[in-house]
Amino acid sequence: MYATTEKSCNETTQFKYRMMETNYFEWIENYISGALKGEQLKAFEEQLKIDSILAERVALEKEIIDAIGLSGERALRKQLKTYHQEMQEQDSGRIISLKKSYYLVAASLMLFALIGSWFLRTDNNTQTARIEQQKEHILDFKNISNLPSSKGTLQKTSYQLHDSIKPQKASIYKDLDEKEGIYKLHIFNYDDCKVSEDSLRLFIHPPIKRVAGEIIPINYYTYNGTLLNLFGNLNIKQLSLHIENNQLYLLMGEKKYLITQHNEPNALSRIKE
Amino acid sequence: MKTSYTSDKAIIEALKNGEEQAMSVLYPQHYKPIQKWIVQNNGLETDAEDVYQEAIMVFYKKIVSNELDLNCKIGTYLFAVSKNIWLKQLRKQKTTKNIKINPNNQAGDNKEEKLQNDNRIEVILEEVEHLGNPCKTLLQSFYFKKMDMESIAEILNYSNGKRAKSQKYKCMQRLRKAVMKRLNLNTE
Chain A
1 MYATTEKSCN ETTQFKYRMM ETNYFEWIEN YISGALKGEQ LKAFEEQLKI DSILAERVAL
61 EKEIIDAIGL SGERALRKQL KTYHQEMQEQ DSGRIISLKK SYYLVAASLM LFALIGSWFL
121 RTDNNTQTAR IEQQKEHILD FKNISNLPSS KGTLQKTSYQ LHDSIKPQKA SIYKDLDEKE
181 GIYKLHIFNY DDCKVSEDSL RLFIHPPIKR VAGEIIPINY YTYNGTLLNL FGNLNIKQLS
241 LHIENNQLYL LMGEKKYLIT QHNEPNALSR IKE
Chain B
1 MKTSYTSDKA IIEALKNGEE QAMSVLYPQH YKPIQKWIVQ NNGLETDAED VYQEAIMVFY
61 KKIVSNELDL NCKIGTYLFA VSKNIWLKQL RKQKTTKNIK INPNNQAGDN KEEKLQNDNR
121 IEVILEEVEH LGNPCKTLLQ SFYFKKMDME SIAEILNYSN GKRAKSQKYK CMQRLRKAVM
181 KRLNLNTE
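Protein sequence lines, in the order shown, are assigned to chains A and B.
Using our numbering, you'd call the opening residue of the first sequence number 1 and step up by one each time.
Using our numbering, you'd call the opening residue of the second sequence number 1 and step up by one each time.
Be aware that one or more of the hints could be misleading.
Quick list of in silico lysine-lysine cross-link-like pairs, DSSO-like style, CA-CA up to 27 angstroms [stated by the list, open to error]:
| # | chain 1 | residue 1 | chain 2 | residue 2 |
| --- | --- | --- | --- | --- |
| 1 | A | K78 | B | K62 |
| 2 | B | K162 | A | K78 |
| 3 | B | K181 | B | K16 |
| 4 | A | K78 | B | K61 |
| 5 | B | K16 | A | K62 |
| 6 | B | K165 | B | K181 |
| 7 | B | K61 | A | K62 |
| 8 | A | K62 | B | K170 |
| 9 | A | K78 | B | K136 |
| 10 | A | K62 | B | K92 |
| 11 | A | K81 | B | K146 |
| 12 | A | K81 | B | K170 |
| 13 | B | K168 | A | K62 |
| 14 | B | K181 | A | K81 |
| 15 | A | K81 | B | K165 |
| 16 | A | K37 | B | K62 |
It is worth saying that the hints were derived from the structure and are not from the lab.
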């Protein structure tokens, strides 16, 4: 059609009309996707050299397609975050159900230790002034060496526990309070470098921006009668527990940390038997 | 309720067909060993999450581009990709520590140009968001998920692929127009 009416036009102009006649953007899209071949591709490229508007449209179309791709990618990344959260919630649920009895034993033991320490403490007038200032609700680990070993009994499950976190050197935690970021304090039994099912783990999660005097939550995981040994390995002195308003705190020197039951499922990962 | 996919092949096919369920099934299956390895290699659990998701993205993009030539299990593949990503990050961290960057050394023009391009992309991204659904899903399915028109028609309840194609054209026209207006470009 255009060939008869526009015979005087040069080839590129004819090509432009042909593009207009069909679908201008389909040409552009086919060019970008690599679907244009042979003569059509050659003609399009020739046109691109002399037609600045077409060149601009091609560039914009590329940007639009890239942006759609990026938007799809962002949507998927967001979705992956949701899956991750769901996975953690599911694991958390499993941990609670599988370890309920174990937590109960651990909690009882902690309570027992607290009471035991209370009696020991009343007999010992040489305790430090700092501990005395914390009144009667203090447990000093230095005085609980006779703490009976009491292992929690795990329910039979189809899972076996394994350590997901490698033991770290105590020095790593030296400047813990001064640093920004999320940290975890893992306390392991260094004797065998294993995270046994009944060892103690404490996790410190300082928020990104710390406020002076802020209480850092420590998530209490599991423990047995090797507390003294564990803390000894970490070389943390003057470590004590303190109960205030029904909350359990860990005192390290002048610092006080709230202890809560651990709720991060990935800290203790599971593998199927 | 989640659909069960009995094999790696089934998961890959489902991802190719845009079945979102497949990703939710795949995701938790292979995370734990990767997390364990990263934490054992100076990483935090948050690092593990980021790295694993990056590996999933690589895997997904390969699938939809038909570039995946898998001759091992998905878990092995994801582990290897995650490992590479993490080792690369560790190397980068090491290098960054050793190099002091002088901000004056950076090429100013390139920086400005990059900023302008980024701004343009952000404007277009905003317009993609403004499109809303089904346009947004349709365009993302075509350009990002690389789904064919028949599959798109199926997920968006269009009668056939031809109808989906015509909808895609309309959505693109809307988007072009909006973008050109935002960027003050001649719309004629």
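Verification of the supplied hints:
1. K78(A) / K62(B): holds, 19 angstroms
2. K162(B) / K78(A): Not OK: K162(B) and K78(A) at ~31 angstroms, beyond 27 angstroms, violated.
3. K181(B) / K16(B): violated, 35 angstroms
4. K78(A) / K61(B): holds, 16 angstroms
5. K16(B) / K62(A): holds, 24 angstroms
6. K165(B) / K181(B): holds, 24 angstroms
7. K61(B) / K62(A): Answer holds: K61(B) to K62(A) is near 18 angstroms, not above 27 angstroms.
8. K62(A) / K170(B): holds, 18 angstroms
9. K78(A) / K136(B): Between K78(A) and K136(B) the Cα gap is close to 15 angstroms, so the pair holds against 27 angstroms.
10. K62(A) / K92(B): Violated: K62(A) and K92(B) sit about 31 angstroms apart, past 27 angstroms.
11. K81(A) / K146(B): Within the cut-off at roughly 22 angstroms; holds.
12. K81(A) / K170(B): violated, 32 angstroms
13. K168(B) / K62(A): holds, 16 angstroms
14. K181(B) / K81(A): violated, 34 angstroms
15. K81(A) / K165(B): Violated: K81(A) and K165(B) sit about 31 angstroms apart, past 27 angstroms.
16. K37(A) / K62(B): Holds, at roughly 25 angstroms.
Of the numbered hints listed earlier, those contradicted by the structure are 2, 3, 10, 12, 14 and 15.
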